[in-house]
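There are 2 protein chains.
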Amino acid sequence: MSWGPENLPYGVFSRQEGQTPRVGVRYGDHVLDLAEALHDEVFATGSLNAFMSRGPAAWRATRTLIQNKLSTDRAVTEGHLVPLDQVTLHLPFEVADYVDFYCSLEHASNLGRMFRPDGEPLMPNWRHLPVGYHGRAGTVVPSGTPIVRPVGQRGAGVFGPSAKLDIEAELGFVVGVPTALGERAGRFEDHVFGVTLVNDWSARDIQAWEYVPLGPFLGKSFATSVSPWVTPLAALSEARVEGRSQDPEPPAYLSRQDPWGLDVRLEVAVNGEVVSRPPYRDMYWTPDQMLAHMTVNGASLRTGDLYASGTVSGAEQTERGSLIELSWNGTEPFKLPDGSTRSFLEDGDVVTITATAPGPGGAVISLGEVSGRIEPAR
Amino acid sequence: MSWGPENLPYGVFSRQEGQTPRVGVRYGDHVLDLAEALHDEVFATGSLNAFMSRGPAAWRATRTLIQNKLSTDRAVTEGHLVPLDQVTLHLPFEVADYVDFYCSLEHASNLGRMFRPDGEPLMPNWRHLPVGYHGRAGTVVPSGTPIVRPVGQRGAGVFGPSAKLDIEAELGFVVGVPTALGERAGRFEDHVFGVTLVNDWSARDIQAWEYVPLGPFLGKSFATSVSPWVTPLAALSEARVEGRSQDPEPPAYLSRQDPWGLDVRLEVAVNGEVVSRPPYRDMYWTPDQMLAHMTVNGASLRTGDLYASGTVSGAEQTERGSLIELSWNGTEPFKLPDGSTRSFLEDGDVVTITATAPGPGGAVISLGEVSGRIEPAR
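In order, the protein sequences belong to chains A and E. The first sequence begins at 1 in full-length UniProt numbering and counts up one residue at a time. The second sequence begins at 1 in full-length UniProt numbering and counts up one residue at a time.
Extracted from the complex, chain A is given alone in its bound form:
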């Protein structure tokens, strides 16, 4: 069962138009109303932030409490289980800062090959640190939010709707426990609450023109979609794997203490048809390394910080997590089952990213989905 007691991802829902959004966990095809079931006002707020800020001991105790309630207290609990089709799901947390990394060796190499065919695919820094940059926190939106095709400059004197609208299938990490300015973060699991799916929508033509020398800006800032569920790290215990081997050995502050590679298997579907299956376990930089890097300079963390892995792309053609890679920048359009071809997204296209991970005893943990439909430029 994908949504059993071994999973229990957290989200924010409301029952009817106008009800104040509140925190729940998904259980089967229901949402358990935690404010009611656990009599804790921290869940009556419209975001996960207050709960996430309580820290790992509270996260563990709450998970155990929910699991016990569900297994022993069904008569009571059932009154607090709301069918999924009767709820609206919201952005599960208030995003503080949003950082996007670039941690797939294959994705970075593919883009390097496309854009610098005569040079080394990877920049000199790439194997020494997890390259990243800040994105726009205010345009992180929940799954289902329509994505309006952005307009912008695509070259000198060239202005209009993006003709290269793309996706990036990513895994996002949500910070619960903050740090003070000037301090480095401690262990990954002492700060990071859980994992969410991310689609980092990208307008490649806008990005290509604007990004030197200060990085992506309007090519990314129009929208970033996240799944409605944040999967707690505890649900991923069976998915943990050693990270990919690294050469050269990273500096001490980036050395791995515990295995935080994750055997999460993503699927990217366009209009309902799977076009790619990116494997997260093959990522070069692991999320504990991203956290250590992000804070090594003393930058503080806030509850609600979101940092994403960058496009997840594996070694195979069928494992690439962006259309620019799948169509090799439009030179090799790929076929959809309805007979049409795609290099980039067309108006009306619906992109859905889902993911699963191994759970205890052969169970499969579902990480939910992040979905969005392309609306015409305004």
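A few chain E residues facing chain A, derived, Cβ under 10 Å:
1. ALA96
2. TYR98
3. TYR102
4. LEU111
5. PHE115
6. ARG149
7. VAL151
8. GLY157
9. PRO178
10. LEU181
11. GLY182
12. GLU183
13. PRO213
14. GLY215
15. ALA252
16. ALA377
Derived list of chain A stretches under chain E, where covered just means 3 residues or more per stretch with a C-beta under 8 Å from a C-beta of chain E:
17. 124 to 137
18. 155 to 161
19. 199 to 213
20. 220 to 227
21. 295 to 306
Some chain A residues judged to face chain E by a derived CB distance under 7 Å, without partners named:
22. ALA96
23. ASP97
24. VAL148
25. PRO150
26. GLY152
27. GLY182
28. PHE217
29. PRO251
Don't read these hints as lab results, they were simulated from the structure. Virtual Cβ for every residue (Gly too), placed ideally from N, Cα, C.
Based on these hints, arrange chain E on the given structure of chain A.
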């Protein structure tokens, strides 16, 4: 008088340890407690955000009300004037997203000459759009916050405290009125509440190693300081000038409707000695153009968004707004009056940026100061 009724910048203060911070305006060497003087709870919050979200009509009405109270109602008002030396000043607004632009032709050209001596100093996109990127909102700190020298990677296998710690003297623009996702912003003055001074601390060695291809990250994210006062646009009416002429003509969405160049004169002091006087009026891109660019792709605005101009540098050597320019990347150290020389900042150095602008009838508007002292790396 620099802090007279024609100025009245907004800030957040508290009277003694433990008092809830509240909104005031600076008047002479006092702060007027607005929650008390105007009997409006919007000022009893710890940030300007709620007031800023009310919009331009409310901003105008409030300013007029304050000016009337100060001129006609002194007996009452004086009870609400708190001496500056009895208050602590806080971050004046909750920062939503922080964007940093790169709008000085001289600054961009200087950095291009230093880093790409054999190429064109400006990137091909620079004259077509205001280049910008997102910074870390969570590490925007109020003036006076100590700045811990960041550590990080400065090259392959090179790790340690930054040896090229620098400043960037900038003007920041604070958004009051938000927009919805997918919409472009309207007129500058319908969204932007006011102006603040910004020091975008920069570790040049960390930045130089990390910034390809996704832009600055840890070289900037450790701290960005802002002045405690937000000067409302209304106080700058006499400072407005036509923007610098632009070649080529920018595209329609960036065309200027009204003069939003600003004759703001900055001063940069190191340990109390002025080392530079950057003129804001010579900036190539004006703040209305930055706002139009930032939202042309449909990215939404939130109350509290801060966007900064990028380093303000003029044509003269004595008008450069960063030490990397003043010392030409360390090749021409400059002298301080105490006899010491500087290429970049040393531990214990105090950097203070101040600014003034012309006010009505020959008055001079002070924009306050943003200051910070360098602490040793941890």
